[in-house]
Amino acid sequence: MRDATAPVALGLGTAPEPSVPAPVLGTLFLIGGDIMLFAGLIFAFWVLRLAAPVWPPPLQPRLPVGVTAANTVVLLASSSVMVAATRTLARGHDGALARRLGLCGLLGSLFVAVQGYEWARLIGFGLTVSSGIYGALFYTLVGAHALHVLAALVWLGITAVRAGRGEFARGRGDVVRACALYWHFVVALWPLLYASVYLL
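In numbering that gives the first Met the number 0, the protein residues as written are 0 to 199.
A couple of the hints might just be wrong.
[To be verified] Pair by pair, the computed Cβ-Cβ distance ranges are: (1) A95 / S129: 41 to 51 Å; (2) G125 / A68: 21 to 31 Å; (3) S129 / H92: 28 to 38 Å; (4) A68 / A143: 15 to 25 Å.
Rather than coming from a laboratory, the hints here were simulated on the basis of the structure. Even for Gly, the Cβ is constructed at its ideal location relative to N, Cα and C.
Let the sequences and hints guide you as you build the complete structure.
Written out as structure tokens, the structure is:
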């Protein structure tokens with residue numbers, strides 16, 4: 000009987016290429032877990048909010064809607080820069096890729112810095128995690144997103160350094176695409192949180 004595995008064993012056959020590269024597939028699983036996490040947090044937020052007789056509760060500081068709206072534009076702009084960065088992969092321009100990844104990281108860092116400044120002001124005005132359900136929900140939702148942005152920034156920084164070293168030659172950009180996919184996720188998540196917490 001002919002051994003069906005013989006061609007592969009003799010080096011006469013090759014395993015098929017995966018339809019989704021491993022870094023991208025792993026990132027998709029990570030995003031799936033994060034979607035479940037934030038879906039649960041948003042659901043809990045709305046359950047508790049709708050159960051409250053008055054929202055926001057009286058004697059609570061107003062959230063910085065205008066500043067955060069401008070900060071949202073900054074974060075959305077970073078996603079556009081990331082799109083431009085991934086387009087350089089096909090041309091094999093690692094220098095341009097590194098610069099655009101760096102600019103994306105700079106915009107993301109600015110977003111986190113502004114958020115941190117506004118949180119410090121809110122804490123000074125008396126809005127803390129222990130000040131009531133309003134503060135607890137605010138810092139849980141917005142803080143969870145900030146932690147994800149920080150994690151994405153670390154990933155982005157490592158990817159930018161590797162690009163600067165010329166590690167992503169043409170056809171080797173799956174790691175960059177995975178990083179870009181996660182960045183777009185944390186960016187797309189923010190407008191939903193902003194609308195829920197700051198506007199509605």
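Here's how the hints hold up against the structure:
Between A95 and S129 the Cβ separation comes to about 48 Å, which falls inside the hinted range of 41 to 51 Å. Judged by the Cβ atoms, the range 21 to 31 Å given for G125 and A68 holds: they are separated by roughly 23 Å. Distance hint for S129 and H92: a CB-CB separation of about 51 Å, inconsistent with the stated range 28 to 38 Å. Remark: the range hint 15 to 25 Å for A68 to A143 is upheld by a beta-carbon distance near 20 Å.
Checked against the numbered hints above, the structure violates only hint 3.
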